[in-house]
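Participant: For reference, the chains in residue letters:
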Amino acid sequence: MKYFPTIGIECHVQLSTKTKLFSEVDNDARGKEPNSCVSPIDYALPGMLPRLNGEAIKFAVRAGKAMNCEINKSSRFDRKHYFYPDSPKGYQITQFYHPIIGAGFVELPSGEKVRIEHAHLEGDAGKLTHFGSYSLVDLNRVDTPLIEIVSMPDIHSAKAAHDYCKELWRLMRYAKVTHGDLYNGNMRFDVNVSLAPEDSDELGTRAEVKNLNSFRSVERAVEYEIKRQTKILEAGERVIQETRGWSDATGETTGQRSKEEAKDYRYMPEPDLPPVNLSAEFIDEQLADFPLMPADYREKFKGIIAEDTLEVLLDYPELMKKLGELPTDPTTIKLVSNLFASVLLAEEKSAEYLNDLPDKKQLSELAEMNEKKELSSTATKEVFLRLFDPQMKGKDTKAIAKELGVIQENDLGALEAIVDMVLAKPETKKAQDDFKNGEEKVIGFLVGQVMKESKGKANPSVAQQILREKLTK
Amino acid sequence: MKIANKDISAVSLVKEALEKAKKYKDYNIFISMNEEAALKEAAEIDEKIARGEKVGKLAGVPFALKDNFLSPDGQTTAGAHILEGFKSPVTATIVEKLKAEGAIVIGRTNLDAFAHGSSTENSYFGPTRNAYDFERVAGGSSGGSAVAVALDIVPFATGSDTGGSIRQPAAFNGVYGLKPTYGSTSRYGVVAMASSTDSMGFFTKTPEDMDLLMSITSGQDKKDLTTLPDFYNTSESKEVKRIGIIKDFDNESVDAEIREALKTKCEALRNKGFEIVELDMPVLKYALAVYYIIQPAEVASNLSRYDGVRYGFRSEDSKDLDSLYEKTRDEGFMPENKRRIMIGNFVLSSGFYDAYFLKAAKARTLIIKEYEDAFSKCDFILTPVSSNPAFKLGEKVNDPVAMYLEDLMSVSVNLAGVPGLSIPAGMTKAGLPIGLQLVGPRRSDKNLIEFSKELI
Numbered sequence: 001m002k003y004f005p006t007i008g009i010e011c012h013v014q015l016s017t018k019t020k021l022f023s024e025v026d027n028d029a030r031g032k033e034p035n036s037c038v039s040p041i042d043y044a045l046p047g048m049l050p051r052l053n054g055e056a057i058k059f060a061v062r063a064g065k066a067m068n069c070e071i072n073k074s075s076r077f078d079r080k081h082y083f084y085p086d087s088p089k090g091y092q093i094t095q096f097y098h099p100i101i102g103a104g105f106v107e108l109p110s111g112e113k114v115r116i117e118h119a120h121l122e123g124d125a126g127k128l129t130h131f132g133s134y135s136l137v138d139l140n141r142v143d144t145p146l147i148e149i150v151s152m153p154d155i156h157s158a159k160a161a162h163d164y165c166k167e168l169w170r171l172m173r174y175a176k177v178t179h180g181d182l183y184n185g186n187m188r189f190d191v192n193v194s195l196a197p198e199d200s201d202e203l204g205t206r207a208e209v210k211n212l213n214s215f216r217s218v219e220r221a222v223e224y225e226i227k228r229q230t231k232i233l234e235a236g237e238r239v240i241q242e243t244r245g246w247s248d249a250t251g252e253t254t255g256q257r258s259k260e261e262a263k264d265y266r267y268m269p270e271p272d273l274p275p276v277n278l279s280a281e282f283i284d285e286q287l288a289d290f291p292l293m294p295a296d297y298r299e300k301f302k303g304i305i306a307e308d309t310l311e312v313l314l315d316y317p318e319l320m321k322k323l324g325e326l327p328t329d330p331t332t333i334k335l336v337s338n339l340f341a342s343v344l345l346a347e348e349k350s351a352e353y354l355n356d357l358p359d360k361k362q363l364s365e366l367a368e369m370n371e372k373k374e375l376s377s378t379a380t381k382e383v384f385l386r387l388f389d390p391q392m393k394g395k396d397t398k399a400i401a402k403e404l405g406v407i408q409e410n411d412l413g414a415l416e417a418i419v420d421m422v423l424a425k426p427e428t429k430k431a432q433d434d435f436k437n438g439e440e441k442v443i444g445f446l447v448g449q450v451m452k453e454s455k456g457k458a459n460p461s462v463a464q465q466i467l468r469e470k471l472t473k
Numbered sequence: 001m002k003i004a005n006k007d008i009s010a011v012s013l014v015k016e017a018l019e020k021a022k023k024y025k026d027y028n029i030f031i032s033m034n035e036e037a038a039l040k041e042a043a044e045i046d047e048k049i050a051r052g053e054k055v056g057k058l059a060g061v062p063f064a065l066k067d068n069f070l071s072p073d074g075q076t077t078a079g080a081h082i083l084e085g086f087k088s089p090v091t092a093t094i095v096e097k098l099k100a101e102g103a104i105v106i107g108r109t110n111l112d113a114f115a116h117g118s119s120t121e122n123s124y125f126g127p128t129r130n131a132y133d134f135e136r137v138a139g140g141s142s143g144g145s146a147v148a149v150a151l152d153i154v155p156f157a158t159g160s161d162t163g164g165s166i167r168q169p170a171a172f173n174g175v176y177g178l179k180p181t182y183g184s185t186s187r188y189g190v191v192a193m194a195s196s197t198d199s200m201g202f203f204t205k206t207p208e209d210m211d212l213l214m215s216i217t218s219g220q221d222k223k224d225l226t227t228l229p230d231f232y233n234t235s236e237s238k239e240v241k242r243i244g245i246i247k248d249f250d251n252e253s254v255d256a257e258i259r260e261a262l263k264t265k266c267e268a269l270r271n272k273g274f275e276i277v278e279l280d281m282p283v284l285k286y287a288l289a290v291y292y293i294i295q296p297a298e299v300a301s302n303l304s305r306y307d308g309v310r311y312g313f314r315s316e317d318s319k320d321l322d323s324l325y326e327k328t329r330d331e332g333f334m335p336e337n338k339r340r341i342m343i344g345n346f347v348l349s350s351g352f353y354d355a356y357f358l359k360a361a362k363a364r365t366l367i368i369k370e371y372e373d374a375f376s377k378c379d380f381i382l383t384p385v386s387s388n389p390a391f392k393l394g395e396k397v398n399d400p401v402a403m404y405l406e407d408l409m410s411v412s413v414n415l416a417g418v419p420g421l422s423i424p425a426g427m428t429k430a431g432l433p434i435g436l437q438l439v440g441p442r443r444s445d446k447n448l449i450e451f452s453k454e455l456i
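Order-wise, the sequence lines are chains W and A.
For the first sequence, the residue numbers in the working numbering are 1 to 473.
For the second sequence, the residue numbers in the working numbering are 1 to 456.
It is possible that some hints are incorrect.
[What the hints assert, rightly or not] When the alpha-carbon atoms are kept at most 20 Å apart in a straight line, the in silico SDA-like pairs for lysine to any residue are as follows: (1) A/Lys327 / W/Ser135; (2) A/Lys223 / A/Glu96; (3) A/Lys223 / W/Pro275; (4) W/Lys127 / A/Tyr325; (5) W/Lys210 / W/Glu198; (6) A/Lys362 / W/Ser74; (7) W/Lys80 / A/Glu96; (8) A/Lys222 / W/Ile57.
No lab work stands behind these hints, which were simulated from the structure alone.
Whole structure, please, built from the sequences with the hints as guidance.
Facilitator: Next comes the structure, spelled out in structure tokens:
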């Protein structure tokens, strides 16, 4: 029997707000001492009450918009109880009953749509590091704002699971709500996988693989689960509903605890926080000059930028923004997008460059010069990279190219004069004779001489043309 | 309790309070004293006055803190073993405001552990005795604060009232006790009991003192998002015409002498030209049931943080994480704390949430509505605080339901979030104080206190 996989994904996104979700403590603990970004509210001293970070609400509105979601005008917080040292309060403050972000969808590069069930705001937990006989607790991450994005079970392959996670990562960065640093756990994925016979309308029993932090491990874990569950079903056995862990090293998932004995979280409305009521004006204000999203760019550059190039560039919101600012003529877009993809991204310092891109005038001038053949393709790359020099900021591209001395000589009269000069030189005599005797390849030597004479500014193909004309006359 | 003028020094006021506290040591009013710091603060205030500097409205006035208000003045135990030795780095907003006006903490008063109880017998530090009868309970949970004021040790003390914890001990000891409108005073820095009904208030000897304290401490606090913008100091006085009494509360289960006291006060009010209105409030009989679902649920949640990991007591002989939790919480909590944790977790557990917590939350809305309706018919309501005067120590300790019934007439006020003021209303023949409760609409606190003067 053939089995059909169904996958649902929960994604936690750490928001890059200045302060934590419920206290005024620095939310950026990168490179800081353990337990140094913690207030009495975060470590749950008696009598402490949560405050609500308005910036996190604004971020949630933007994140919701990025996923084409309804923004709920009224939302509430709830307490989710469990005992573990990563949870100082003994509960997590989350939005179980009334989330801030309602239904929406995410469009994958393939055009498939994955519906979003809802997304809610909540506080992150602390971090435990286990040693032999003890564990260390770091509460720096406690109550870092998270949004948890819950998808509908619309995903049916490992590839689509990968693409969905990657697209979410892009959307959150385009909406500027997260640093999106996967290595540091800014986004984490819990993946539910179930298999059902191909002709069945019902979903099979699912296993959940928790805490994946790369698109590749999402893809591999789903592939593994599909194989594992297929084997179980083919053997006539039942899949157990459980939480499983993923190991990048072994490429396998292993059972952790079964859901049957899972904890009862005893949800309760959070009495210390009033409901969050948003006016239509407030929401509009947050969405004024909302940037274009990847799907918008796909539409905009369809048929202009090659699909695979575009998918590479879409990982960099800064580059897409710049492309969006350029004049819409296809030649400019094509040239600049190619320079971005094949020159800029190949540079060692490309990450630094992303934050300070040349202005649109410089780039369109560059495209124009290239189009007019004033710059060879090598010269175009050279000038392009030169534009990233901080001293070149705002400078004319033409002036920069001139300074570099790479503008091509396209003036036929001038070029003819140079060719004549070269042909008059005694040392080219032999090559000229050889060419006339049918030795084609010596033309390269002659073009080289013209280039040398013109200090590299001659357009080599034009030079060759003139040489041929003169020698065959 | 106005500014300590030059005739009485702050130091002598504080000394006197400390001496009285010592004299009544047997009553077990205080869990800890703040002697050294109090005398130092008093001396500083005297120096300020001597230098002619401006001092606050409460300069040099000694007061007692219920031991669930956080401040760096010694330990904050909440009457519980699990917090024994806990020193707070932060100060409750109310304490901050009182200190800013020059008031001086002389000690921290006894309470039922985590304010769970109506007699102060659930304290890890033993029961507090009634100011009028050493063999009887102080009431609770703010028993220590009520007795400290009743015995004139201090002119005022702080209290927290979740279901009657200020009003009932005030009634048992013959002093004024105010549970203000929910949100008028900040809960920040007070060990939480049930967050949606916890209200911070005071014990005083006079309505005037109560007014002064409320004018100082009410108002919005950005550290407590449930606080309301200050309405107390902007209240306009309102002419009071009609006083409501609740028919259902006039029955055999209420002590005859308390019912008599209520009638006497009503008669006096009629003679002063006030109209007495009989109110039908049938929903109130569900208030206790609703309260004993919502309150334990919030209690269970709020007590989750006491796990022995970060502060307070930690059991010595735990061998792994689970036993650390189990032993610390087993040894650290009192039986009544555990009872409420179990009830609370039960009503919140999946499968029971809708039947208990959600239904109780809906019934609570009806109670709020019932009070709104009542206040369309009258200005204030006058009721007993409790069914009986102070009972004997040990009398109800093994009967939790009898103890819960103590809250019968006080809890609906907390569920509705309206203010309730316990006022002294005479004595029983046996010499025990009787208290009555004045209840007003939300935000009527100032007028409520003002009106209580009519009942003196």
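Participant: Return the numbers of the hints above that this structure violates; sort them in rising order.
Facilitator: 5 and 7
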